[in-house]
Amino acid sequence: MNKKLILISFAILIAFTACNNKTTNETAGNSAENSSVMYACPMHPEVMGNKGDKCSKCGMELSVLVDMNATTTQATEETKATIAVKEIVSNYLKLKNALTNDNTDDAATAGKALEAAFKSFDKTALTAEQKKTYEDIESDAREHAEHIGANAGKIAHQREHFDLLSKDMYDLVKALGAGQILYKDFCPMYNDNKGAIWLSETKEIKNPYFGKSMQTCGSVKEELK
Amino acid sequence: MRIIKMILLVLLIIVVGIQFIRPVRNESEQVLLTDITMTFNMPDSVLDALKISCYNCHSNNTIYPFYANFQPVAWMLNNHVKNGKDKLNFSDFGAYSRRRQLSKLKSMVSQIQDDKMPLPSYTLFHKDAALTEKNKLSIINWANKTTDSLSSNQ
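If you read the sequences in order, they're chains W and C. Going by our numbering, the letters in the first sequence line up with residues 1 to 225, in that order. Going by our numbering, the letters in the second sequence line up with residues 1 to 154, in that order.
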């Protein structure tokens, strides 16, 4: 009696594990197929399906081969840390652009947003060393962002803080990456001809320290990738 | 007439009442290891100027005037000191990151150059806190020198 019971339970166990294996294999095969060969509509690249399917938006045949592997590896290469930095970088660039346009109110708004971005920055994705670097930079940079936010109407004061903030931002991007190409620009005249740097998303020089009065003063010193 | 008397009486009670609500004073004779004097060398002329003109709001030891015994004056002073220490605290300067120290030194120079600090509203009541041109120059020179040595050490 006991022997029979054990035998039956063994049989059931084997049956189940076999089933499990099968299903996992199947799903793995499916996803591999899906991810490596997909076709997109020539007019609506977001619509994807198998070859020969029709686009749900315009009815055209899905004929553009999409290399799913390429896009997925790219996404994983972009580390979590970089994604978190993006928010900070984008607000910094907004601030920079407001200053190039001599717009003190927009600069203040961007300063506040930048301060908030520093506050809500997700440090969990950083390595211990990166975390230390970040905290060191943040202790200083956040204060500059706060000052810029609180000093709408005093653009000269905002620019003083922007100078120090830009140095912090340069170090931050060097340490954690920016998720986009940035240029380190240098204006030789600011600070009584001691000079000051800033980061820009474009190769073209637009000076945030002098704004419209001397828009093209400066040069690209480094390309940050 | 009786109403006026009542109002005056209530006011008196409030004024007397608030005298008992006293904020904790920002006083500490102890010089911390993080004090700026422990981390940086500075000539006596600079230290004296900082102590007289800045330390009341930017350190852990405020020297209070006699009217700080009355409310709501003490509350206002307390807010000022808290705000000032938030921005810059010489008693804690050594604990700042190198980066923040450099920023603060630069801000000190520009604030003094632009006559924004010490606050004009402060020097109005504390004539001795106003910096003379000589004081300003010695602080600025010291700050610039310290900045240079800090940045070259990095």
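Keep in mind the hints are simulated off the structure, nothing from the lab. Heads up, a few of these hints could be off.
Simulated crosslink set (SDA-like; lysine to any residue; CA at most 25 angstroms straight-line) [claimed, not checked]:
| id | chain 1 | residue 1 | chain 2 | residue 2 |
| --- | --- | --- | --- | --- |
| 1 | C | Lys127 | C | Ile4 |
| 2 | C | Lys87 | W | Ala113 |
| 3 | C | Lys106 | W | Cys187 |
In this text, all values refer to a predicted model and were calculated from it rather than measured experimentally.
Now the hints, each set against the structure:
1. Lys127(C) x Ile4(C): Violated, at roughly 40 angstroms.
2. Lys87(C) x Ala113(W): holds, 20 angstroms
3. Lys106(C) x Cys187(W): Holds. Lys106(C) to Cys187(W) sits at ~18 angstroms (cutoff 25 angstroms).
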